[in-house]
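Going down the list, the protein sequences come from chains P, F and D.
For the first sequence, the numbering used here assigns the number 1 to the initial residue and increments by one for each residue that follows.
For the second sequence, the numbering used here assigns the number 292 to the initial residue and increments by one for each residue that follows.
For the third sequence, the numbering used here assigns the number 613 to the initial residue and increments by one for each residue that follows.
Derived by calculation from the structure, the hints in this document are not laboratory data.
Virtual Cβ for every residue (Gly too), placed ideally from N, Cα, C.
A couple of the hints might just be wrong.
To be verified - Okay, derived cross-link-like pairs now, DSSO-like style, lysine-lysine, Cα gap no bigger than 30 Å in a straight line:
#1 P/K160 <-> P/K100
#2 F/K442 <-> F/K378
#3 F/K442 <-> P/K160
#4 P/K100 <-> F/K442
#5 F/K378 <-> P/K100
As the list claims (entries may be wrong) - Distance windows between CB atoms, simulated:
#6 P/A130 <-> F/F306: 49 to 57 Å
#7 D/T899 <-> F/T307: 53 to 61 Å
#8 D/A735 <-> P/P116: 51 to 59 Å
#9 P/L211 <-> F/A445: 53 to 61 Å
#10 P/V89 <-> D/M715: 30 to 38 Å
What the hints assert, rightly or not - Listing some non-contacts, in silico: residues in chain D with all C-beta distances to chain F over 10 Å:
#11 D622
#12 D724
#13 R739
#14 G765
#15 S823
#16 T827
#17 A848
#18 G850
#19 T899
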Amino acid sequence: MMRALWENPQARAGLVVFGAMLAVALVGPFLVADPDAFVARPLSPPSMDHLLGTTGQGQDVLAQTVVGARTTLGLGVLVGLLVVAIGSVVGGLAGYFGGKVDELLSLLINVSLVLPGLPLMVVLAAYLPAGPGSMAAVLVVTGWAWNARVVRSQVLSLRKRDFVDAAIVAGESPLRVLVVEILPNMASLLGGAVIGATTYAIGAQVGLEFLGLGDLSAITWGTNLYWATNDSALLTGSWWTFVPTGAAIALTGFALALLNFGLDGVTNPALAAGAGTGAPGPQPTPVRRSP
Amino acid sequence: MTAPLLRVTDLTVQFTRGGGFRPRILRAAHRVSFDLHRGEVVALVGESGSGKSTIGRVVARLLQARSGTVALDGRELPVTRHLRADKATRSRVQMIFQDPYASLNPVHTIYHHLARPLTLHGHGGTHLRSTAAALLESAGLAPGDAFLDRKPHALSGGQRQRVAIARALAPRPDVLVADEPTASLDVSVRMEVLLLLRRLLEARGLGVLLITHDLAAARWIADRIVVLYAGQVMEQGPAESVLSSPQHPYTQLLVAAAAHTSAPLPAGPGAPPVIDPPPGCPFAERCRNATTACRTGTIPDHIRPTTHAGPWVTRCLHPGS
Amino acid sequence: MNDVVLHIQDLQVAYGSTAVLHGASLRVSAGEVLGLVGESGSGKSTLVQGALRMLGRPAVITGGDVILDGQSLFDLDAAGLRRMWWNTVSLVPQNALNALNPMLTIGAHVDDTLLAHGITDAADRRRRAIDAMALVDLLPDTLTAHPHMLSGGMRQRVAIALALLLEPRLVVFDEPTTALDVVVERDILDRIRALQAERGFAAVFITHDISLLLTFADRIAVLYAGRVVEVAPARALGGPSSHPYTVGLLGALPPKLGEDRTAVPIAGVAPRAGQTTPGCAFAPRCTHASPKCEEPQALRALTDHHHVACHRVAGERP
């Protein structure tokens, strides 16, 4: 599977770019200046001393962008995995057992889906104490239900397959059937779900922090943008205070999207082979006589 | 006649379709009774909607029955209660499914498919791999070791079905329910699989419940045949006798249609009444000998004892016409 | 040969770079049923659908020619082929449920087909639709039903009615009764025969059930490993001058009532689709194999109607 992903050009591009971002997040902070320190005149444009200039509080923008990656990406990936894990458990149990269990869990899933996400996010973020734990909690509470729904419907359909009945007749316990027999058949779906959930986590995190609902003392991509607007970046035309972070976010999202397309292409070869030629109607089998 | 290995008595299976004010009853099986002895193949035959697969699944504890009993060596199995069966019970009745590709998990190796039931039922231990290989060889896949690390998609249909048979034998069952085991296989491979089942049955003293719509195969491999229509037993008895001189009009229709001649059939096509079924014989609406008595009340069983293979029972008011 | 409707000459088809059909030839005349039998991997569906150029990507035709009603199908462009499809030749698929759109009523299917072939008058379409249903003994109100509301047998009758809508010269039946019960199957077969007698179309009937063909088809073509190994009148199949594979196939069937023989499976395993040898592909499993079997075996004529691709059988003829 990993080899197939690498051979797919879109997946490879996505993996490379996202991998680079992760590398920057892990190693970068050791290579740049202290992002909190006052290093030069505030709002100075990019120069040889400070490659991306300074913020409205005189801090090095490059340092802030690099350091911010760590929290944003780290939390994003963690939340992405958590959301899919919780969704898989709830959705998996609902789809496998059916009956009353499914009714109860589906009620839980549907209520979570119906609650308006953004207001809930805002309210929770406003009331919980600032910090990465709270941010993770907010994102997981508002994000798990969609995955649960997707997993549930896939498990429901796989449950009807004969190999599941065969495992039951052989004497496997329900939990083993779900985890060992059914879930591995959903590997690509779950992989895609993790990628999607990570994208969601990063985007929602940045959004909340931009609104000022995150931990303002932390250095993250979201808070970078918050402080940039707070310090009148747009009014003064100091584009370097928000463009680097914005570009980093966009690049990450783009990389994850490419990875997702690539994963689709690997699991559904018909997509990878290229879509139709655009000509209307069914195309007849071509005749190619070899010389 | 020795005591039967499996005795099914008055088995009824129902499903409710649609909710609201008037949910409809889908009667998949109605008061079905038959016996299976050790070393015997009993074929459940019928078309779609006959209930044969449903009965097989109840015996294998995959479906719940509404009423009736299934007894294994005299001991009743709880088929009308919750489906959770303990491993000891599970080990005694195993099942082979129609589509050999669908009944094997595409992401797991053949070894996994065999190791799990072997381990679950205490036949594992240190020589798990060689036990698994030996099982494959007894199902005709030699050398067994060569197949263990492959995945289902690398095998042909016939090979996959042999793996499925090996898997079913791992818990050392007494009863094997084979649900259309050859329907998805190539014609030249079908005989092999049926002969394998016969060989294994004789070697291990099993009883095989063969579910099939293929009358010719049933006649070839089965000792007794149970003919089902709309979930009810129309006729049952020694396979050769029932199929060479069928007494029930429905059996006569099946035999005539399966013969692939150009002679006209005794009845036309029609769907068995399984939803909210009317009283009386379910075949009455298609039967040219049907009278008013056929459409009301219970139809009696005509029983003809035979010298071998149990009695010949026909549920009809005008048998043999 | 009177009124040959379809003439497939030495057809070769590949999927991508894998050759699956290695030169197959067939002829079908008006009013006759040609049965096409083979197991999985033999190429029977590929043969007919490839000949009609109905196979999708990555199939490609790499050799041979196909003449349908006097016109070479390989010379036609996409537009010309689409005129041929359904007008001159139509297809009844294995599972009508797969071929019918679950969102559309039967009437909508009929209407679409007629419109696509230039029947613009609505009243004319309505009349033809009712006639089509009557042709297969279905009531006009079937036109208002959706596919899932009909039984398997009724859906297959709808598929047959659709195939005959434009009165084609050739109808291809691709395993039309495999998914049906034996009584319903008999009904469908009787109907096909009756319609053929009435309309005079040529029919190719693809199936894996050779016992069905022995009484239903006029001539039978047997496919093995991407090649036609025998074409014979149905009654002559399995006799002393039949191909060893045909004999083996018939011998592996359970005996019929009154037949006194033991079913014997064919030893060995059939080659998978795409595997090929220059000589006879059946030789490894044949009890009469000799070194001469490693040479290419062409279809040799034993009589005008009986061709066998086996040097041993052909050589024994005086």
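Classify the label on D/T827 as holds or violated, using whether its beta-carbon is more than 10 Å from each beta-carbon of chain F.
D/T827 not clear of chain F: closest Cβ-Cβ about 5 Å, inside 10 Å.
At 10 Å, judged by beta carbons, does D/R739 keep clear of chain F as stated?
28 Å, holds
Is the nearest Cβ of chain F still more than 10 Å from the Cβ of D/D622?
26 Å, holds
Evaluate the condition: distance from the CB of D/G765 to the nearest CB of chain F exceeds 10 Å.
6 Å, violated
Just want to verify: D/T899 was marked as not at the interface with chain F; is every Cβ pair farther apart than 10 Å?
14 Å, holds
Outcome for the supplied range 49 to 57 Å, where the beta carbon pair is P/A130 and F/F306:
Because 56 Å falls inside the window, the suggested range holds.
Satisfaction of hint between F/K442 and P/K100, Cα-Cα up to 30 Å
Violated, at about 36 Å.
With a cut-off of 30 Å on the C-alpha distance, tell me whether F/K378 and P/K100 pass.
Satisfied, since the Cα-Cα distance of roughly 25 Å is no more than 30 Å.
Would you check the hint for F/K442 and F/K378, treating anything up to 30 Å between C-alpha atoms as holding?
27 Å, holds
Should the hint that P/V89 and D/M715 are 30 to 38 Å apart at their CB atoms be regarded as holding?
Holds, since P/V89 and D/M715 (Cβ atoms, about 36 Å apart) stay within the stated range.
With d taken as the least Cβ-Cβ distance between D/G850 and chain F, does d exceed 10 Å?
It holds; D/G850 is separated from chain F by about 13 Å at its closest Cβ, greater than 10 Å.
Please check whether the beta-carbon of D/D724 is more than 10 Å away from every beta-carbon in chain F.
Check passes; 28 Å lies beyond 10 Å.
When each numbered hint is compared with the structure, violations occur for hints 4, 14, 15, 16.
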